[in-house]
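Chemist: Chains as they are written, first to last, in my numbering: chain A, 167 to 286; chain B, 167 to 286.
Keep in mind the hints are simulated off the structure, nothing from the lab.
Glycine included, each C-beta is placed from N, C-alpha and C at the ideal position.
Treat the hints with care, as some may be off.
Partial chain A-side listing against chain B, Cβ under 8 angstroms, derived [what the hints assert, rightly or not]:
#: 1; residue: Val251
#: 2; residue: Pro254
#: 3; residue: Asn255
To give an idea of the interface, some chain A residues facing chain B are shown, with a C-beta separation under 10 angstroms as derived from the structure [unchecked claim]:
#: 4; residue: Gly213
#: 5; residue: Gly242
#: 6; residue: Arg259
2 protein chains.
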Amino acid sequence: MPSQEHMKAALQAYVDGFNAGDPAAVVALFADDATIEDPVGKPPITGREAITEFYAGNVASGAKLSLDTPVRGSHGNVAAMAFTVEMPNMRIRVIDVMTFDEDGLISEMRAHWGSTDVES
Amino acid sequence: MPSQEHMKAALQAYVDGFNAGDPAAVVALFADDATIEDPVGKPPITGREAITEFYAGNVASGAKLSLDTPVRGSHGNVAAMAFTVEMPNMRIRVIDVMTFDEDGLISEMRAHWGSTDVES
């Protein structure tokens, strides 16, 4: 099972890679067959090709991620973070929950946000 | 499916009931057969009796909950909140993810925190 330190470092690398405009650095944190449910309640996307396309688009939008409070670990293979997505005309408050596999890669990402978490 | 407003109000009622020293108000938010995994990675507890005992003990400890950032909803039946548990000699940073049933009651609670989220 990945350590809490590993999981927290991965989530920080996710934020840093996103904000550096480096979607490849973000995608490298995911397992080949990972799933992303963003937002929770929408059908998930699966696999490296779909995930690469997802982050290429999101990073290109110019959005930046700002942690609202330190990343949380767990006693299992899950870590979570609360952050705000800052866009030119909008902010979205999100809590991401990431599950890790035995290799320390993200196997599942679930993004908790809804219309009431969007401010324009 | 419960509305985002309903789920966010339930999570606020959870915090308020806990801080008011009223475990019954917290337990009333849960379905009869709900599960609690606190922390994630520990075997869950199930059912009203176990949940009542769990919150009676936690509330009696004198711990207080402080939201770190607004509660998040989702496009599904899940809401999440990042908060800090304040105890006389300790603080724990937690992210709770709550799943709701068709009646608007909490069917699953998962608390994300680990040893690296505890400050004494």
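Chemist: Now, for every hint given, state plainly whether the structure supports it.
Modeler: Hints and how they fare:
no.: 1; hint: Val251; result: 12 angstroms, violated
no.: 2; hint: Pro254; result: 21 angstroms, violated
no.: 3; hint: Asn255; result: 20 angstroms, violated
no.: 4; hint: Gly213; result: 22 angstroms, violated
no.: 5; hint: Gly242; result: 3 angstroms, holds
no.: 6; hint: Arg259; result: 6 angstroms, holds
Violation of the numbered hints given earlier is confined to hints 1, 2, 3 and 4; the remaining hints are satisfied by the structure.
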